[in-house]
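Residue-level listing of the chains:
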Amino acid sequence: MSQTVSQLTRQPELEILEIKNDSIIFILSNTDISVANALRRVMIAEVPTMCIDLVEFESNNSVLCDEFIAHRLGLIPLVSDNIDKFCYTRDCSCSDRCDQCSVELRLNVKCTENRPRDVTSSDLLSQNSAVIPVSSQVTSSNSEQEIPIVKLRRGQEIKLRAIAKKGVGKEHAKWSPSCVATYQFQPIIVLNQNRIDELTDQQKEEWVGSCPTKVYSYSPHQSTQQVTIEDPLRCVYCLECKKKAESFGKPDLVHLEQKQDKFIFTVESSGALKPEDIVLYAIQIIKRKLTDIQGQMAEGML
Amino acid sequence: MPCLYICGECGAEHEIKPKEPVKCKDCTHRIMYKKRTDKMIQFEAR
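Chains as they are written, first to last, in full-length UniProt numbering: chain A, 1 to 302; chain B, 1 to 46.
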């Protein structure tokens, strides 16, 4: 072996394209699919958040039954920015539960008016001001963001205590911080302009229209009259354009390829964590898993 | 503790003992509903 380990290791690179309040787009390059997929799976299933896990009903004479409301409460995302300060209830030193491993929320609503009362996530009052329903955050306090729980008629009442615990998405999907976590390969689309020029205007339009995700654009009224690539990232590799080109007898009209070492990630947050934090936590978790293996291996070889 | 049931017709509350017919003592209606417990009930939110 002439190569050393340092020559074989690659330095993965991460380039952020866009960060919004609830989503992030970045390019991961110089690494394998296995790494990209591990990152994706960890972001979905292993980044911890807080979620309501136990619901204690004192009274409920609404139209929805207790277990129905309990399930709905479980699915409400809670702000989990300080998740590191909490520990899992099973690892906690307390016997049942304590402030270190759980947060108590209360819901106590009675309808006294003649019109129906909407009970929403903003009626949930948390004992810990940092762990609140996502919609109750100060930055997004418009009523459209509130999550409906149940509607009450006059005289109906709901009174309960909900206990939020720390958990991960692989135990139950409600703990998953990401709504969408996907990656795509960078598409390489090369048009053969000479072949395109051989097509009639009608054929050009037909060929551009063959793409279901509208990767190409062409308008016969433009002065240039060129077929152009509008957005290569829209390509889903359905190869419809290739088939169309073949039906025109010009199989070399377009060249399509997936660049297998660049991964374009799109991560959308449920609001529980900031999208960039989801990525950072995921990388931390992968690193911790690898060091654990390293430690175990070293121990085993002694 | 007596087990109270609510009549589906007149809404009266009656106790029904074991082996007694399920029947409202006021209006003889045969559909009776069990009352919700006063105790706290716990559910898993999943």
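Note that these hints are calculated values from the structure, not bench results.
Warning: the hint list may mix true and false statements.
[As the list claims (entries may be wrong)] Sample of chain B residues lacking proximity to chain A, with all beta carbon distances greater than 12 Å (derived):
1. K34
2. T37
3. D38
[Said to hold, decoys possible] Restraint-style ranges between C-beta atoms, simulated for each label pair:
4. E20(B) <-> E113(A): 22 to 32 Å
5. H14(B) <-> P148(A): 29 to 39 Å
6. A12(B) <-> S23(A): 38 to 48 Å
7. K39(B) <-> I16(A): 28 to 38 Å
8. E44(B) <-> I16(A): 17 to 27 Å
9. K25(B) <-> R115(A): 37 to 47 Å
10. L4(B) <-> Q284(A): 32 to 42 Å
11. D22(A) <-> C27(B): 37 to 47 Å
12. H29(B) <-> Q127(A): 40 to 50 Å
13. G155(A) <-> K25(B): 33 to 43 Å
14. E9(B) <-> S93(A): 50 to 60 Å
15. D38(B) <-> Q127(A): 18 to 28 Å
16. E44(B) <-> N37(A): 29 to 39 Å
17. L17(A) <-> E44(B): 34 to 44 Å
Note that CB positions come from ideal geometry on N, CA and C, so glycine has one too.
Structure-based check of all given hints:
The claim that K34(B) lies off the interface holds: its Cβ sits roughly 14 Å from the closest Cβ of chain A, which is beyond the 12 Å cut-off. A beta-carbon of chain A is positioned within 12 Å of the beta-carbon of T37(B); the least distance is around 10 Å. For D38(B), the condition that its CB be more than 12 Å from all CB atoms of chain A is violated, with the nearest at approximately 9 Å. For E20(B) and E113(A), the Cβ-Cβ distance of about 42 Å falls outside the hinted range of 22 to 32 Å, so the restraint is violated.
Range check, H14(B) to P148(A): about 38 Å between beta-carbon atoms, so the 29 to 39 Å window is met. The beta-carbon spacing between A12(B) and S23(A), approximately 59 Å, falls outside the hinted interval of 38 to 48 Å. Range check, K39(B) to I16(A): Cβ separation about 53 Å, and the 28 to 38 Å hint is violated. Between E44(B) and I16(A) the Cβ separation comes to about 39 Å, which falls outside the hinted range of 17 to 27 Å.
In this structure the hint that K25(B) and R115(A) lie 37 to 47 Å apart at CB holds, the actual value being about 38 Å. For L4(B) and Q284(A), the hinted distance range of 32 to 42 Å is not satisfied, since their beta carbons lie about 57 Å from each other. In this structure the supplied range 37 to 47 Å is violated for D22(A) paired with C27(B), their Cβ-Cβ distance being about 58 Å. In this structure, H29(B) and Q127(A) meet the distance hint of 40 to 50 Å, their C-beta atoms being roughly 46 Å apart.
Distance hint check: the CB atoms of G155(A) and K25(B) are about 27 Å apart, inconsistent with the given range 33 to 43 Å. For the pair E9(B) and S93(A), the beta carbons lie near 56 Å from each other, so the given range of 50 to 60 Å is met. Checking the proposed 18 to 28 Å range against D38(B) and Q127(A) shows it holds: the Cβ atoms sit about 24 Å from each other. A beta carbon spacing of about 31 Å between E44(B) and N37(A) agrees with the range 29 to 39 Å that was offered as a hint.
Distance hint for L17(A) and E44(B): a CB-CB separation of about 40 Å, consistent with the stated range 34 to 44 Å.
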